[in-house]
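The lines below spell out each chain.
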Amino acid sequence: MLEAACVECLARERRRLGRVGAAYAWGRLIADTLIAAILLRADERRRRRTAWVHVPPSAPKEILMTRVWQDIRYAARRLQRAPIFSLAVVATLALTIGATTAVFTVVNAVLLRALPYRDPSRLVLVQQAFPQMSLGFSPPDYLAFEARAGFFEAIAAYRNREYELSGVEPPERVTVTRASATLFETLGVRPALGRPFTREDDEAGRLVAVLSDALWERTFARDPAAIGRPILLDRQPFTIVGVMPRGFTFPQRGPILNNVPADVYVPIGFTASERRAFGSMYNNSVIARLKAGVTPAQADADTRAVVRSNAREMYPVNLSGLAEVLGGSAVLLTGEVSGRSRTVLWVAFAGVGFVLLIACADIASLMLARAIGREREIAVRSALGAGRGRLIRQLLAESAVLALAGSILGLVLAVWLSRAIVALAPPTLPRLHEIGIDGRILLFTAALTVVTALLCGILPALELSRPRGEALKEGARVSAGQRERRIFGALVAAQLAMAVVLLVGGGLLLRSFSRLMAVDPGFRAERVLTLATSLPAQAYRDAASVRGFYTRLVDDVSQVPGVSAVGASTELPLGVRERRAFTLEQELQAARDLPHSVAHECVMGRYFEAVGIPLKRGRYFTASDAQQSEPVAIINETFARRFWGTADPVGERIAWGNTASHGPWMRIVGVVGDVKQGALNSETVPHTYTPWLQVSDAMMADNIVAMMRSLRIAVRGEVEPGALAGTVRARIRAIDPALPVASVQTMNEIVSRSAAVPRFTALLVSLFAALALLLAAIGVGGMLATSISRRLPELGVRMALGAQRRTLVAMVIRHGMLLAAAGLAVGLPSAWLLSRVLASLLFEISPRDPITFATVGAVLSAVTLVACAIPAWRVTRVDPITVLRKE
Amino acid sequence: MPAPLEPHWFQILLALADRDLHGLAVMNDVLERTGGRMRLWPGMLYRALGRLADMNLVVEIEPPDGAAAAGGRPRFFRITAAGRRACAAEAERLAGFVEVARRKKLLKA
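Sequences listed follow chains A and B, in order.
Using my numbering, you'd call the opening residue of the first sequence number 82 and step up by one each time.
Using my numbering, you'd call the opening residue of the second sequence number 5 and step up by one each time.
Source of the hints: derived by calculation from the structure; they are not laboratory data.
Predicted model only: the values in this text are computed from it and were never measured.
Take the hints with a grain of salt, since some may be wrong.
Claimed, not checked - Here are some of the chain A residues that sit facing chain B, going by a computed Cβ distance under 7 Å: (1) Ala85; (2) Glu89; (3) Asp113.
What the hints assert, rightly or not - A few chain B positions that, by computed beta-carbon distances, are all more than 10 Å from chain A: (4) Phe14; (5) Pro68; (6) Val102; (7) Lys109.
Backbone N, C-alpha and C fix where the C-beta goes; we use that ideal spot for every residue, glycine too.
Based on the provided sequences and hints, a complete structural model is requested.
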């Protein structure tokens with residue numbers, strides 16, 4: 082009925098005055114309802130009072146709630162009367178709470194939130210391993226493992242590959258996961274639209290595909306009729322049978338193998354030759370769900386046992402050496418995804434937490450200083466009967482109001498800041514796209530508000546509510562007693578100590594990062610452009626067409642004016658992942674026990690000159706190192722040194738495989754400088770280069786691993802690489818207009834990106850350290866300034882009695898430096914203890930690096946000195962006559 | 005002399021004087037009778053009806069069978085004997101003022 086009445090009023094006013102009337106009616110209805118509610122409540126109370134049935138008086142809880150509300154209103158009024166103070170505090174809190182919340186959103190998304198699968202804590206990644214190297218499963222190894230892995234409820238294999246997606250404009254390269262049909266069942270997630278592919282689809286070799294939600298939106302605008310339509314992957318039509326739900330990502334970033342989230346899922350479709358490929362193709366990842374009651378440790382032990390016994394039973398005789406050393410393990414998926422990011426994120430969180438604590442200490446001092454001015458008022462209240470609890474509550478109400486305002490603004494800031502973090506974070510950070518505000522974040526901010534309110538307000542509240550009869554005496558001066566001064570000093574020293582810890586952390590990370598960037602990667606990265614291409618099997622069926630394309634491309638691009646060298650390789654520096662077992666025709670005794678595995682690349686054109694890898698002995702490959710000539714190889718210095726010592730390896734022979742069974746011998750024709758195969762802080766391993774033109778027809782045409790048909794082109798120019806990009810693309814388009822080009826980046830960008838995580842960490846922590854130093858300096862300066870204004874009369878008297886201004890300035894500075902000393906005395910040992918946490922993030926620098934510690938000490942002292950400057954200058958302006966007249 | 009009634013209370017009692025009505029009907033009745041000059045907004049209307057019920061001047065009754073419920077359970081009210089007496093007293097008080105206005109030739113007889 083009430084609703085009908087409201088509707089009637091709205092309609093009536095709209096008839097009367099149109100839209101203005103409707104707006105008026107809305108406002109009037111809201112006001113009317115609120116007032117009526119208040120009055121009805123008053124009526125209710127009156128009714129109870131005048132009822133002839135005795136109603137007990139309001140419960141104590143009601144009295145408390147009324148009083149708390151009173152306190153809050155009073156606090157809000159008081160804060161309104163001190164706008165500068167309130168704004169400064171709210172701004173500081175907004176900044177620090179916002180920053181803390183923003184970092185927590187990252188921690189939440191990457192470390193705390195459950196993965197988007199059913200019961201993700203029961204998922205494990207199963208791996209095989211050679212000594213010193215983790216691998217995936219080869220197809221026959223997986224099939225054998227699957228048959229005997231009864232301790233898993235469900236198991237699936239998957240493998241990433243990049244495909245050309247065409248039929249859409251413009252064609253793009255997409256990541257496709259080839260997976261067993263059991264993948265969706267293992268993860269416990271069904272497509273939101275359509276169906277998953279089945280075992281029958283897999284065994285029959287059907288070309289069906291399930292899309293990610295993002296790809297469905299990009300290419301089909303979320304049209305449900307996409308089911309049943311074809312998409313072209315490497316120019317082969319696949320029928321879409323399903324679309325995964327929004328928010329589903331697989332695989333996750335984090336694990337070492339197959340770690341790029343896919344846009345399309347297709348059946349893994351092991352071919353007959355793959356099923357027989359013992360001893361190679363260890364590139365399938367395996368994910369499994371633990372059976373109820375099975376612990377991860379049990380599964381790990383069982384996996385190891387099954388892998389070893391399978392290898393011994395099934396590997397052909399010539400691979401028995403491999404079978405002996407093969408191992409296996411099962412690790413929790415959550416650990417693999419977030420494990421590597423854990424330290425970085427918790428360090429960042431601790432850093433921003435310190436900044437918040439320092440800010441709270443600053444605000445606590447401010448509030449204590451402000452509250453001291455109210456000593457008399459509080460003494461009166463106390464004398465009139467307000468209990469200590471009541472006084473504490475009143476004083477806490479102010480900090481509560483400030484904290485609430487600060488945290489509301491801080492939450493708004495956190496939304497913006499977390500977007501900035503996502504934009505600047507290294508793209509290898511797992512679950513980056515899941516970072517956002519959710520219920521847990523809001524809960525966190527609420528808890529932070531309460532903690533901040535307490536931290537800022539409890540000290541002044543406890544201090545001021547202590548019994549103090551003297552304040553009421555006639556003429557009692559309101560000033561900070563001995564105890565308050567000590568508290569101020571302790572707060573400032575605590576701030577300085579925390580700032581020291583952050584400064585040490587930031588300093589260590591910055592030095593580590595600069596050491597990292599000073600590492601010589603082994604090649605010359607300036608003015609080199611790189612691109613990635615991949616030739617689809619549909620259009621390039623045989624070895625001849627693949628060879629033809631790349632040979633023509635390298636020739637064409639060499640003709641471009643401004644280009645000094647062009648080459649191509651299966652992998653680029655800082656990203657060489659391929660490892661192969663080898664054997665030597667003649668071997669030093671000392672080298673026999675070294676692991677016989679090398680990094681390997683197939684190169685063509687003038688690759689070494691394009692990338693800038695220097696020749697140390699022998700020669701580079703030439704055009705004559707082709708299919709009909711003797712197989713050759715080039716090795717790096719580390720390989721030469723480890724296996725031949727100071728002897729010249731040029732002329733020696735090497736073959737893939739092991740002593741018992743190996744491929745054709747290749748003659749070493751040159752030794753080149755060492756190049757980092759992985760991250761800048763990784764160790765350089767022995768490396769072999771072989772000519773791409775000497776690869777067998779079968780390998781060249783292979784479309785399963787497809788290594789030889791997906792080359793990375795490197796172009797060294799005399800001009801900036803950006804200027805060349807357009808021309809090179811045009812040359813590629815001229816040869817094959819439908820071929821998409823991906824990963825166009827300069828070598829410098831690749832180097833820079835490889836250091837993304839250390840850079841990010843160093844910047845973040847340094848930012849926090851700088852902020853902490855600023856806040857601590859403000860704390861010092863503020864405290865000294867307050868102390869001086871309180872002591873003005875005393876200073877005036879001293880000056881009148883003959884004290885030099887110099888002496889008084891020295892006094893101020895001594896006070897400040899004593900605080901700095903106290904801060905260092907607590908901060909440096911704390912940093913000493915805590916810096917161990919950073920050990921895993923540091924490169925070539927000890928967590929207890931003395932230079933860093935000494936520098937931090939000097940910086941803090943210098944900043945404190947500067948913070949003393951303004952109060953010291955004020956002292957020099959004191960006019961003793963004016964001060965004494967006031968007394 | 006009894007205390008004067010609040011003007012909107014008087015109008016509500018007047019609306020209910022000759023028949024039982026629900027809240028919306030009271031609102032419309034008052035609006036029409038006062039020529040749009042007195043608009044009872046729902047919150048205050050129901051609060052007033054509550055106060056009148058406390059003072060036993062009106063009483064809430066069961067809706068009659070077949071009462072159309074457009075938007076919620078309709079709440080019907082009926083004036084009590086005390087309510088009629090209070091309304092009549094107020095009407096007489098106001099009539100007294102009208103008489104004075106007539107004597108002073110402000111109103112035609």
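Hints versus structure:
{"no.": "1", "hint": "Ala85", "result": "4 Å, holds"}
{"no.": "2", "hint": "Glu89", "result": "6 Å, holds"}
{"no.": "3", "hint": "Asp113", "result": "4 Å, holds"}
{"no.": "4", "hint": "Phe14", "result": "19 Å, holds"}
{"no.": "5", "hint": "Pro68", "result": "14 Å, holds"}
{"no.": "6", "hint": "Val102", "result": "30 Å, holds"}
{"no.": "7", "hint": "Lys109", "result": "36 Å, holds"}
Figure legend: structure checked against the earlier numbered hints; every hint is met.
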